[in-house]
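Q: Those protein sequences? They're chains A and B, same order as listed.
Using numbering that gives the first Met the number 0, the letters of the first sequence correspond one by one to residues 0 to 336.
Using numbering that gives the first Met the number 0, the letters of the second sequence correspond one by one to residues 0 to 662.
None of these hints come from the bench; they were simulated from the model.
One should not assume that every hint holds.
What the hints assert, rightly or not - Pairwise CB distance ranges, derived in the manner of DEER restraints:
id	chain 1	residue 1	chain 2	residue 2	range
1	A	ALA146	B	LYS611	53 to 63 angstroms
2	A	MET187	B	PRO580	23 to 33 angstroms
3	B	GLU60	A	ASP135	28 to 38 angstroms
4	B	ARG64	A	ARG2	24 to 34 angstroms
5	B	THR80	A	ASP139	28 to 38 angstroms
6	A	GLY325	B	GLY601	44 to 54 angstroms
7	B	GLY601	A	ALA146	28 to 38 angstroms
8	A	MET187	B	ILE190	49 to 59 angstroms
9	B	ARG591	A	GLY325	48 to 58 angstroms
10	A	MET0	B	TYR573	31 to 41 angstroms
Said to hold, decoys possible - If you want the ones that stay clear, here's a sample from chain B, every Cβ over 12 angstroms from chain A, calculated:
id	residue
11	VAL179
12	PRO304
13	PHE335
14	ARG645
Said to hold, decoys possible - Derived list of chain A stretches under chain B, where covered just means 3 residues or more per stretch with a C-beta under 8 angstroms from a C-beta of chain B:
id	stretch
15	57-70
16	74-85
17	91-98
18	117-125
19	170-183
Each residue gets a CB set at the ideal place from its N, CA and C atoms; glycine is no exception.
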Amino acid sequence: MVRLLSTALDATRTRFRALVAGWARRRQGTDSLPRTLLRNRLYILPTKVAMVFGGILFVMLLGSMNYSNSMGLALTFMLTSLGLIAMHNCHRNLLELVVRSVSATPVFAGSTARFCVRIQNASPRTRYQVQVRIGDHTGDVQDIPSASTSDFLVEVPTQKRGVLRVGRLSVTSSHPFSFFRCWTWMHMDMECLVYPQPAAAGIAPPQTDVDVGGALHEGPGNEDFAGLRPYRSGDSPRHIAWKAFARDNTLLVKQFTGTSLTTRWLDMEHAPGRDLEERLSLLCRWVLAAEAQGFSYGLRLPAMAVEPGCGRAQQARCLEALARYGDPVGGDINVRP
Amino acid sequence: MSVPRQQSAGPQALESSAIAWVIGALCMTLLPHAPYLPVWTLPMFLLTSGWRFWIAMHGGELPSRWIRLALATAGFILVYTSQRGINGVAAGTTLLVVMIGLKMLETRTRRDNILLLVLAYFLILASFLREQGPVLAAYEALATWAVTTSLLQVTRHGRLLASREALRIAGQFMLQALPVMLVLFLLFPRIPGPFWALPKASGAGVSGLSEEMSPGTLAQLSLSDEVAFRVNFVGQSPPTSRLYWRGPVLDKFDGRNWSRSNWSALPADMASLAYQGPATDYTVSLMPNGKPWLLALDLPSQPLPPNARLNRQLQLVSLKPVNDRLSYTLRSYLDFQTLGPLSKRETNTYTYLPEGSNPRSQALARQMRGQAAGNADFIQAVLRKFNQEPYVYTLTPRLLDMRHPSDDFLFNTREGFCEYYASSFAVLMRAAGIPARIVTGYQGGEANPFGDYMVVRQSSAHAWTEVWLQGQGWTRVDPTAAVAPERIELGLPDSLRLGDPMPGGLMRSVAILADIRMAWDLANARWDEFVLGYGPELQMDLLSRFGLNMPSPVQLVLVIFALVGGFLLLLTLYLARHYRPQTRDRALVLYRRFIKKLAKAGYDTPMYESPKDLANRIGRQHPRIQGQLNLVVDSYLIARYRKTDRYELALEQLRKAVQDFKP
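Generate coordinates for the entire structure from the input sequences, incorporating the hints supplied.
A: Below you can see the structure in the form of structure tokens.
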């Protein structure tokens, strides 16, 4: 009976929250960044602490009136107005903060996605106890000093490969005294790429698909040594002539022409696995391995391909292709259709 | 969808600094209670909170549930036995303090800390049930600040604020709260209590006259500098020597002590009173004395204050004990006579002496009465004896032999305070068959030179006698006046012999200190009258001054809402100013004003556009304002970026350009 009741209560609460969420969404529309938190989007409600405090104030009021105790009344009224002032300052504490950006670096499935929300406080007053919340996930509570910007990290665990979509986040604070909670909702499409979880090392990519290139190519490549040139920032450390550095103490970079003789095509066709996800995991491992070994590599999936290349950008392209393959959803948080 | 909530669920390790704040706030609120608590309470609190703090610092386990339960039971029993119950302010406070001490040992979460601080607010309230003086009020204001700061600290997530910053923020909130508090204090509908039976006021701390008198009772009271009551006279106040403030009448003598007989329970026969001479009108504001006694100049007449009556012994009594400051207006006649005969039973009461008590006094009385021509002559003879023989008036007499105190006093020690003289005099009278009784009360009073009132302190406590004479009725005889006339003429302090302890001590002996003392008393009197005495009457008075005659509670609440709302609006504007981002560059401020003007006129002013581009674009579209645009932008660029020695000039040019700019 009790369980039935609590289930019913939970259901009601969920429905109510969905109603409120829908109402807020319709009211505020989709947000663009940067977004200043103005009065029309700040909500404030008393907390349980305030309820208890209010009850105690009532007892104090009755007691003071009963004893006709002037100082008791003065204390009671002082605390009452302190509550009122707390409400005012709680709201003021978030007002005119600016949410500048929301970003998230891609992660592998199974690890934690970190959404970084950058909030600016242009005012000459510190903003206390600000917290960012995404769904049920909360970040650290921080004070934002005057005229400065703080980054709020919210960690969201991931399980599935795909795109983790977040439709709403909230910025909240209950400074001072935790009497009131003031918050705002931001509605926008935020996403975090979730790469497949790399399969355990073991199965190596088949060597069959090695493409032999070489002398035909002109222009800079990374196969045939063609001399040394001074280091420019951005050059791969792998190409630095360390021997020359040890000798002359000058950073020189080895120059090559032509592409790798072994451009490796990583093809889904060749990745064994029980299902798609396992094969993608294996491809993910291959991409990482190829990058680590300094190969030039390309990725071939049914109906699409990533042209060969190497470096961080190439790895990111490949992993994104894997993440987005088949347009899966890595998880939705507060996303409304 | 979920309402955002701070994460606070589950027990979490409390920071030692947060606990230190809680302990500090509690200590501060406990301090005013210290003198009234059983001696073991405070050490117990310090022990448990020290234990808790040690655990917070060095780690370790909180005591188990069984230990806590055992301690709680022991604490409750201790309180119950030492306070004889848990009702009443004193016992309630003790229990509160003990439970706070024990709560320290199970403080795990933020919520526990909050609870402790709420209890600290309660302790402040409890201290006001005992006393409400301005010094305590000031102290408790500081304590409220400390508790509020602690509350700010313990409700924080993450690191605490620096103490100074926390104090500053909490202080700001309290300052912001002050106006709203004042509005509520002045306008909140005051419903005269009590709604439920008041627990008996704690007897401790209330000093004053009592139902009994033995040698030394009044001498002890005389050392107290506490205010008994204050008086405002209408017109000139009578001379000090005539100010006899009548209190309880003691007529039952057991050979040693004087107490009240049942005659005090009967009402006075108003028809038997003949008032004479000029009337004296005055208002008394009486400090709580815990007894149903109202002090009045001998002798008050009709109309008496509400809920007050004269009893058979002509003492003004009220229906309820005076547990709060009480103000009443009276008309007294310093000259009066009681008419009519004394009943047989009354005569018996007033001439009764226990068999065999004070035999030498009784013998002396009979001998002197035999030599005297009449009762009046006899009385004069006794007074002459006090005056001419080496009797001494002192606050520190030798102890009397309590078997026959009157004998010992009259024949051996011959030194004493007013109750010694009054008591012996009454014994002598009764021994001679003259009805006599002792009247206790106050004599004299100090006029406050700063305020137009007189203050009467406990140190003015006095005892005198009344004898019943045929044809005259009850007649006041003050034997102390025979020994030490200066006591009656000048008041107590100036009448004491050297080396006697003196009420007020040093304060009286230095003129400037005496002035300070009087000024302080004035402050106290005003505080009592306007702050503590602020109730339904003063509230109506205040409101009628603003044109609100007899407003209903609903009207009052509406006025409160209007005032508080108005104040919050002002606060919003004030805070808006303080949160406004500060731009140091005056050129930028002016340029922003220009942009605002443009935007208001409907022009597009995207943030990414440089001033030059903006001027060019809008100028091309609207050649009418091209010149103006260029003027503003050019002077802005000069003022902002070409920081020359002509900066002020450029700025002035920009100001004018922006001002004149009409899109």
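Q: The structure should be examined with respect to each hint, and the outcome stated for every one.
A: The hints, checked one at a time:
For the hinted restraint 53 to 63 angstroms between ALA146(A) and LYS611(B), the CB-CB distance of approximately 28 angstroms leaves it violated. For MET187(A) and PRO580(B), the Cβ-Cβ distance of about 25 angstroms falls inside the hinted range of 23 to 33 angstroms, so the restraint holds. Our hint of 28 to 38 angstroms for GLU60(B) and ASP135(A) holds, since their Cβ atoms are close to 32 angstroms apart. Checked against the given bound of 24 to 34 angstroms, the beta carbons of ARG64(B) and ARG2(A), roughly 28 angstroms apart, stay inside it.
In this structure the hint that THR80(B) and ASP139(A) lie 28 to 38 angstroms apart at CB is violated, the actual value being about 51 angstroms. Taking 44 to 54 angstroms as the suggested C-beta distance range, the pair GLY325(A) and GLY601(B) conforms, at roughly 49 angstroms. Checked against the given bound of 28 to 38 angstroms, the beta carbons of GLY601(B) and ALA146(A), roughly 32 angstroms apart, stay inside it. The beta-carbon spacing between MET187(A) and ILE190(B), approximately 54 angstroms, falls within the hinted interval of 49 to 59 angstroms.
Checked against the hint of 48 to 58 angstroms, the C-beta distance between ARG591(B) and GLY325(A) comes to roughly 51 angstroms, which is consistent with it. MET0(A) and TYR573(B) have their C-beta atoms about 55 angstroms apart, which leaves the hinted 31 to 41 angstroms range violated. Distance to chain A contradicts VAL179(B) as a non-interface residue, since its nearest Cβ pair spans about 3 angstroms, not more than 12 angstroms. Listed as a non-interface residue, PRO304(B) keeps its Cβ farther than 12 angstroms from every Cβ of chain A; the least gap is roughly 17 angstroms.
The claim that PHE335(B) is not at the interface with chain A holds, since no C-beta of that chain comes within 12 angstroms of its own (minimum 35 angstroms). For ARG645(B), the non-interface assignment is confirmed: its Cβ lies about 30 angstroms from the closest Cβ of chain A, beyond the 12 angstroms cut-off. Taking a C-beta to C-beta cut-off of 8 angstroms, the stretch 57-70 of chain A contributes 11 residues in contact with chain B, enough for the three needed, and the coverage statement holds. Counting residues of the stretch 74-85 of chain A whose beta carbon lies closer than 8 angstroms to any beta carbon of chain B gives 11, which reaches the threshold of three, so the coverage claim holds.
Residues of the stretch 91-98 of chain A lying with their CB closer than 8 angstroms to a CB of chain B number 3, which satisfies the three-residue condition for coverage. With 4 residues bearing a CB less than 8 angstroms from a CB of chain B, the stretch 117-125 of chain A meets the requirement of three and the coverage assertion stands. Remark: the stretch 170-183 of chain A is confirmed as covered by chain B, as 8 of its residues place a Cβ nearer than 8 angstroms to a Cβ of that chain, reaching the required three.
In summary, the numbered hints that this structure violates are 1, 5, 10 and 11.
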